[in-house]
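Peer 1: Each chain is listed here by its residues.
There are 2 protein chains.
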Amino acid sequence: MTRTASEQVVIVGGGFGGLMAARSLRRTPVRVTLVDRRNFHLFQPLLYQVATGGLSPGDIASPLRHVLKYQKNATVLLAEVTGFDLEKRNVLLRGGERLDFDYLIVAAGVSHDYFGHDGWGRIAPGLKSVEDAIDIRTRIFLAFEKAERAVDSEEQEELLTFVVVGGGPTGVELAGALGEIARETLRHDFRRINPGDARILLVEGASRILTSYPELLSRKAQRSLERLGVTVLTNTLVTSVNERSVDIKAGDNIRSVPAQTVLWAAGVRGSGLGGILVGNGRSGMDRAGRVLVNPDLSLPDFPGVFVIGDLAVVNNPGSKPLPGVAPVAMQQGRYVARVIDRTVRRKSPPAPFRYRNYGSMATIGRAAAVADFGWLRLSGYPAWLAWLFVHLMKLVEFENRVLVFIQWAWNYVTKNRGARLITSEHRSSDR
Amino acid sequence: MTRTASEQVVIVGGGFGGLMAARSLRRTPVRVTLVDRRNFHLFQPLLYQVATGGLSPGDIASPLRHVLKYQKNATVLLAEVTGFDLEKRNVLLRGGERLDFDYLIVAAGVSHDYFGHDGWGRIAPGLKSVEDAIDIRTRIFLAFEKAERAVDSEEQEELLTFVVVGGGPTGVELAGALGEIARETLRHDFRRINPGDARILLVEGASRILTSYPELLSRKAQRSLERLGVTVLTNTLVTSVNERSVDIKAGDNIRSVPAQTVLWAAGVRGSGLGGILVGNGRSGMDRAGRVLVNPDLSLPDFPGVFVIGDLAVVNNPGSKPLPGVAPVAMQQGRYVARVIDRTVRRKSPPAPFRYRNYGSMATIGRAAAVADFGWLRLSGYPAWLAWLFVHLMKLVEFENRVLVFIQWAWNYVTKNRGARLITSEHRSSDR
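Chains as they are written, first to last, in our numbering: chain A, 19 to 449; chain B, 19 to 449.
What the hints contain is simulated information worked out from the structure, not anything from laboratory work.
Okay, the calculated bits of chain B under chain A, using three or more residues with CB under 8 Å as the criterion:
1) 55-62
2) 73-82
3) 95-105
4) 159-167
5) 206-212
Reference excerpt, derived from the structure (chain B facing chain A, CB under 8 Å, subset only):
6) Glu149
7) Leu439
8) Ile440
Quick caveat, the model's predicted, so the values are computed rather than measured. The C-beta atom is built at its ideal place from N, Cα and C for all residues, glycine as well.
Using the sequences plus the hints, can you model the full thing?
Peer 2: Structure representation (structure tokens):
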């Protein structure tokens with residue numbers, strides 16, 4: 019190694035992709051700055067557990083500084099990125115500060131997409147952040163509380179109807195957890211209502227849920243959900259959302275479902291930083307606002323600038339886009355770190371990025387799941403055990419594993435969800 | 019038992035007093051309605067751990083419905099009490115609903131007191147609710163983040179100065195935890211600042227901290243705090259608080275301490291419900307807004323109406339008021355339940371309430387505490403072990419004990435505080 023550790027790598031976003039990129043650069047002679055507007059990494063695959071009162075936010079969050087504390091070449095910056103100057107090679111932060119870079123990795127992720135109906139967001143929250151999860155948790159448990167106090171039976175029905183929009187893994191996990199809450203968790207908790215009477219609808223536009231899975235697993239997942247009391251509506255679109263009902267359309271048939279709790283798991287859209295990076299209005303993005311990148315994940319015309327994770331889509335019209343899951347982001351983070359390492363060391367670039375799919379899984383309630391490892395497909399209890407094992411193993415890297423495991427075991431045995439706090443945004447001194 | 023279970027007991031507040039009263043009435047032939055504006059009981063003695071990132075809110079909260087789920091004569095109502103009609107014997111809820119009662123137990127607790135400077139509340143939050151704790155947690159960890167980014171050394175000093183106002187148990191616990199955060203938790207986390215340089219001031223108006231403890235234990239507590247880097251200022255009053263500094267007065271000497279983080283643990287004031295109960299402006303309250311009650315904890319002139327816990331003060335000019343701690347509230351809850359039980363069963367009333375003091379304790383950082391059992395006084399590590407044991411035993415009743423214990427053991431070994439999330443009040447869809 020003859021070069022000094024002077025080249026600067028700026029990573030925007032401390033999710034799975036950004037954090038993995040930072041860690042993979044630990045032996046590369048560069049200075050790494052990880053910028054995030056939050057001070058923690060979030061284990062998003064378990065966020066639905068926070069939204070449904072099974073885990074606390076602290077159980078699935080790891081302070082970024084803590085994860086990188088012993089990595090001497092890494093600095094964490096709590097800041098919001100507001101712009102990029104790719105010609106002058108710097109990143110603009112809120113407040114006016116600029117960070118120079120030699121290499122830039124943008125891993126800013128995605129947010130919800132309401133397909134043009136942004137007003138629905140206030141009524142039907144999506145699940146991306148800790149705040150979203152706490153908001154959803156409050157809505158779910160408050161609906162039962164309000165139903166207990168409701169005098170009007172029509173209002174009670176609205177309050178006890180939960181609509182989950184979108185039959186992907188998040189929608190399936192939310193609906194399954196809701197089924198469990200209504201049938202198990204709250205079983206003996208109320209005196210005037212029977213929580214088991216709650217209606218839970220999972221609405222999916224395609225002909226089956228979990229479309230990225232083999233058809234057999236979709237069917238098994240649907241059956242598991244139905245056993246938990248969830249009504250699965252496929253080939254059904256949501257056409258309107260308001261505070262007391264949802265309009266759904268199946269074929270030519272539109273009907274209104276009275277429901278006060280609507281959860282949105284239907285679509286994602288690339289972070290606004292993608293547009294800022296490639297210039298809004300310019301080409302360079304797909305319809306979902308994701309940034310088109312070269313096969314080595316670099317931005318066309320800007321070598322040394324990379325986009326990874328959910329925000330990136332490899333510009334290869336023939337191939338299927340990669341799923342928006344943690345393993346893709348992590349493999350991309352590791353890959354880009356390798357590209358940078360080899361460039362810094364003046365070695366030949368590696369072969370284009372290729373995703374190695376080790377399998378995917380989704381869980382349904384407290385003892386069922388579907389898992390597709392390609393060579394092996396599981397459903398029901400064995401899939402759930404596999405899901406539990408994989409997620410605990412993954413959590414170990416961010417050292418919350420023991421706690422989460424205990425919490426889970428506890429919830430499993432007691433059928434309780436201790437973290438079902440209804441909190442507000444006000445401090446007691448404000449009251 | 020010849021009476022039918024028709025008499026109605028309404029309990030306002032699900033803290034230690036109210037919840038204990040509800041549980042103690044489980045075999046009494048009455049219907050019990052517990053009203054709280056939150057859906058959970060909070061284990062307040064550990065709230066400072068949430069405020070300092072050691073535990074998550076879910077770890078110290080128990081859903082009230084869950085605690086009372088198998089108590090058939092008890093109903094939980096999530097509602098806000100806005101008034102009382104003691105003549106007609108009913109309680110008014112926000113929204114207009116009224117709850118009739120034969121017996122009423124008001125256990126609404128206390129909030130912060132800024133001694134007439136209510137504007138300080140926005141700058142110097144107190145610690146009573148989960149939201150307070152999360153606000154304080156955000157302020158503490160954000161201050162270190164901002165200091166890391168500060169370019170101006172004066173601003174950096176302001177950001178790294180923490181003032182805790184009030185040297186009672188809460189103030190001592192907060193200051194001790196701050197010392198530990200600065201010296202241990204964040205030790206390797208920053209690159210530009212040394213968190214160990216943080217100044218932590220504990221300001222107390224009296225001549226010593228922990229005035230309710232024997233003098234020897236106060237001295238030992240002060241020494242333990244000083245070992246954690248806390249500066250203890252006794253005989254010192256806070257005369258002004260603004261966003262960038264605090265004015266403190268010792269004797270005739272007033273000086274300004276530049277500090278952006280000020281935590282308030284100086285005084286409490288009875289819940290506003292106390293005033294509503296006895297009629298604001300009337301006598302019937304002490305100077306701190308606590309309700310004066312008869313020796314059997316009933317309201318003068320209103321038999322069957324009781325006030326317990328922090329909100330109550332027994333009208334007995336000769337005696338010392340009871341401390342505002344959980345054991346007092348719990349014993350009072352149990353006592354009032356007994357009064358009601360004996361009245362319902364037409365037995366003679368019990369002897370006036372007498373508090374049995376089994377001891378008091380306060381913890382300082384991760385391995386020191388003071389404990390006063392009357393017959394035994396402990397400090398340092400043995401006191402900390404006693405503190406740990408007692409608090410875990412107490413938590414068992416609300417079944418979070420296992421988790422909290424694991425979390426503590428984990429924090430103790432790793433010196434980490436995993437729950438140090440900086441969260442905002444906005445959902446991601448709002449952005």
